[in-house]
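Protein chains in written order, with my numbering: chain A, 1 to 162; chain B, 1001 to 1598.
Bear in mind the hints are in silico, worked out from the structure with no lab data behind them.
One should not assume that every hint holds.
Derived CB-CB ranges, DEER-like [as the list claims (entries may be wrong)]:
hint : chain 1 : residue 1 : chain 2 : residue 2 : range
1    : B       : Lys1347   : A       : Arg56     : 50 to 58 Å
2    : B       : Arg1145   : A       : Asp143    : 45 to 53 Å
3    : B       : Glu1274   : A       : Lys40     : 16 to 24 Å
4    : B       : Ile1581   : A       : Lys147    : 25 to 33 Å
5    : A       : Asn13     : B       : Leu1022   : 29 to 37 Å
Derived DSBU-like pairs: lysine-lysine, alpha-carbon spacing no greater than 35 Å straight-line [stated by the list, open to error]:
hint : chain 1 : residue 1 : chain 2 : residue 2
6    : B       : Lys1095   : B       : Lys1034
7    : A       : Lys58     : B       : Lys1316
8    : A       : Lys81     : B       : Lys1537
Computed footprint of chain B on chain A; a stretch qualifies when at least three of its residues, placed anywhere within it, have a C-beta under 8 Å from a C-beta of chain B [to be verified]:
hint : stretch
9    : 27 to 36
10   : 84 to 94
11   : 111 to 122
Ideal Cβ positions, reconstructed from N, Cα and C, are used throughout, including at glycine.
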Amino acid sequence: MEELVSKALTEENFQQLDRQIEKVQGSKGPLMQVLTQAQKIFGCVPYEVQKHVSERLKVPMSDIYGVVTFYSQFSLIPKGKYVISVCMGTACYVKSAQPILDKISEIIDTKSGETSADGNFTLEATRCIGACGLAPIITVNEDVYGKLEVTDVPGIMEKYKD
Amino acid sequence: MELYRSHILVCGGTGCVSSDSLKIEERFKELIEKNDLKDEAKVVKTGCFGLCEAGPIVIVYPEGAFYSQLKVEDVDTIVAEHLVKGRIVTDLLYKESYQEGEMQSINDVGFYKKQERVALRNCGVINPEVIEEYIAYDGYEALGRVLSEMKPEEVIQIVKDSGLRGRGGGGFPTGLKWEFTAKAEGDQKYIACNADEGDPGAFMDRSVLEGDPHVVIESMAIAGYAVGANKGYVYVRAEYPIAVNRLQIAIDQAKEMGLLGENIFGTDFSFDMEIRLGAGAFVCGEETALIKSIEGKRGMPVPRPPFPAVKGLFDKPTLLNNVETYANIPQIILRGAEWFASIGTEKSKGTKVFALAGKINNTGLLEIPMGTTLREAIYDVGGGIPGGKEFKAVQTGGPSGGCIPAAHIDTPIDYDNLIELGSMMGSGGMIVLDEDNCMVDIARFFLDFTVDESCGKCTPCRDGTKRMLEMLDKIAEGKGTPADLAKLETLAKTIKNASLCGLGQTAPNPVLSTLDFFMDEYEAHVHDKRCPAGVCKALLNYIVIEDKCKKCGICAAKCPVDCISGTKGKTVYHIDTDKCIKCNACLEACPFDAIKKG
Chain A
1 MEELVSKALT EENFQQLDRQ IEKVQGSKGP LMQVLTQAQK IFGCVPYEVQ
51 KHVSERLKVP MSDIYGVVTF YSQFSLIPKG KYVISVCMGT ACYVKSAQPI
101 LDKISEIIDT KSGETSADGN FTLEATRCIG ACGLAPIITV NEDVYGKLEV
151 TDVPGIMEKY KD
Chain B
1001 MELYRSHILV CGGTGCVSSD SLKIEERFKE LIEKNDLKDE AKVVKTGCFG
1051 LCEAGPIVIV YPEGAFYSQL KVEDVDTIVA EHLVKGRIVT DLLYKESYQE
1101 GEMQSINDVG FYKKQERVAL RNCGVINPEV IEEYIAYDGY EALGRVLSEM
1151 KPEEVIQIVK DSGLRGRGGG GFPTGLKWEF TAKAEGDQKY IACNADEGDP
1201 GAFMDRSVLE GDPHVVIESM AIAGYAVGAN KGYVYVRAEY PIAVNRLQIA
1251 IDQAKEMGLL GENIFGTDFS FDMEIRLGAG AFVCGEETAL IKSIEGKRGM
1301 PVPRPPFPAV KGLFDKPTLL NNVETYANIP QIILRGAEWF ASIGTEKSKG
1351 TKVFALAGKI NNTGLLEIPM GTTLREAIYD VGGGIPGGKE FKAVQTGGPS
1401 GGCIPAAHID TPIDYDNLIE LGSMMGSGGM IVLDEDNCMV DIARFFLDFT
1451 VDESCGKCTP CRDGTKRMLE MLDKIAEGKG TPADLAKLET LAKTIKNASL
1501 CGLGQTAPNP VLSTLDFFMD EYEAHVHDKR CPAGVCKALL NYIVIEDKCK
1551 KCGICAAKCP VDCISGTKGK TVYHIDTDKC IKCNACLEAC PFDAIKKG
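Starting from the given sequences, assemble the full structure and let the hints guide the process.
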């Protein structure tokens, strides 16, 4: 995992972040906006990135760490190649989203909220994505699978085997 | 302006986009080009039509043909038949809109018949990415009228007279909020819009932003004029990328046309706005937490007073309303307070948008007058429960609300009635539960949610909800005692009274309302160690119904732990409950429905 973090910390990524910081400098309370960009650029907001943001925005590290750990969209370690989000909104839950989550967890051998050891998969029980007409629904990166049955799961996971 | 023979409206709401509506749009454009129909047919990507269950949806005008559940390849048929030959493809029409060989108007279909669209009036009608379409539907006329003909006090008076109450949760009178902010002292004031729609199962604010983003911009500018603010922030969930994108397009277009920025309509009123993204924290829907989050801090609530109207964003007076509330304002200005107040009940005026989901035939978004009964919403608009199952309860208000049982299904929906039933309006999520849902499990689901989303600042919420969840876990596992039930209730009431913000104060509602209406289910879990709905795994027993068993042995063959015994063709099969791992394989495999769980 540390290897994955250091791989993301390229000079180019830091330059890209600096360009984003320039854009919002002068606006009020820009920290969240900068961190959102950092998450997008690096795929995570580890210590080194927080330190960089702290120096540029002149915001204490403690504040930045506080914000990064408060919001679920920011993560300290990179997410997997495929991020599998199982919607656990109420509409999906009452239509048996839990057994679907359990099945995926079993297939990729990864607990909900964690990333598989090979860095291929991150499994998330996500908040309502608002496509309740397709409940129960999961997304794998940009792909959407709706109106699922547990029996559909193995077939879907087969597509992301590589 | 070009005139077209046909208009093809393709739903671009999140639900339909998730089932490939954008590819459908592309295919239409491609085939129209190919068939040389460019000057005759126009494809319009609109916001949500509301009937998500039937998605992806395409409506072709002037005929009003309502095509539902389309696949990309169906587009070829529609173009070849409908657009080229003028023959409606009846096989692809939404079933209810084509009966006895005749096509019905969409407004006569059950789902739309009882609806009255105010906040959603442009959703599914205009292209949200084209400002001219909004303007053609009276867009920015209210802002023009306010700036050129009205004093700020008059604007506030109209909003007060309309009786509009906040659509995001508590139902506070909107006009009063505006008045407080207007009267607050401050050299700088702000307008903020709460688009952090976090209730699971609610998606009305997203649909407004996706389908009619200009209405929010116009309304915030009106609010800015009324309270004396020149800057607005819209706080949107990052989970809504389409909404964010369309709102940004709308803001840019409004700026370009001079409808935002300096000296709007040539007056000395200036107003600018920007989007701030949330980052995944439910508590940020609470107003003081939302303000902290816009400021770039941890979204933790602070005690009120002072209210945001006095000391809000960057410590300045701030008016904060939610998306749906704002979406009503331009119509109130144009059609008058009296018109708005004529809709609804005595204390709840106007219409309300609900997101109907769960065990319901017509999952989707509906806007109905306040005072419509739950039964009308669920059966007439929602089309009832699928699979002939029995209605058990409807959950309203998300994690802050409660479950309303069948006995109260004829209750007219308004703020006060729902609170009286131990639930609340909230943002308008409406999840229908049927006989297969366990109420202990539902209470546990919501508690699990609040435990996860509690910001951790105050003890009753941080620790109390966690203890409640532990008790519910215990009950669901069949280890609960009668004393737990009593303790659960006491603790719930304490948390309600002692928590700092709305999240904690309402978190016990799902528990209290299920204890109130479904005590028998709790008791079954505690006394009989039984889950009547067959959901709580630890309490499940799979049993062969002897008269239905045809002795085929399929169940025994499927059982992964060999706990089903019997002889093929000779004896009825039997499940050894101690060995059974409750995997459900036998129940799914049995062709005769001879296995039940309970």
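**Asked** Quick check: which numbered hints come out false for this structure?
**Response** 11
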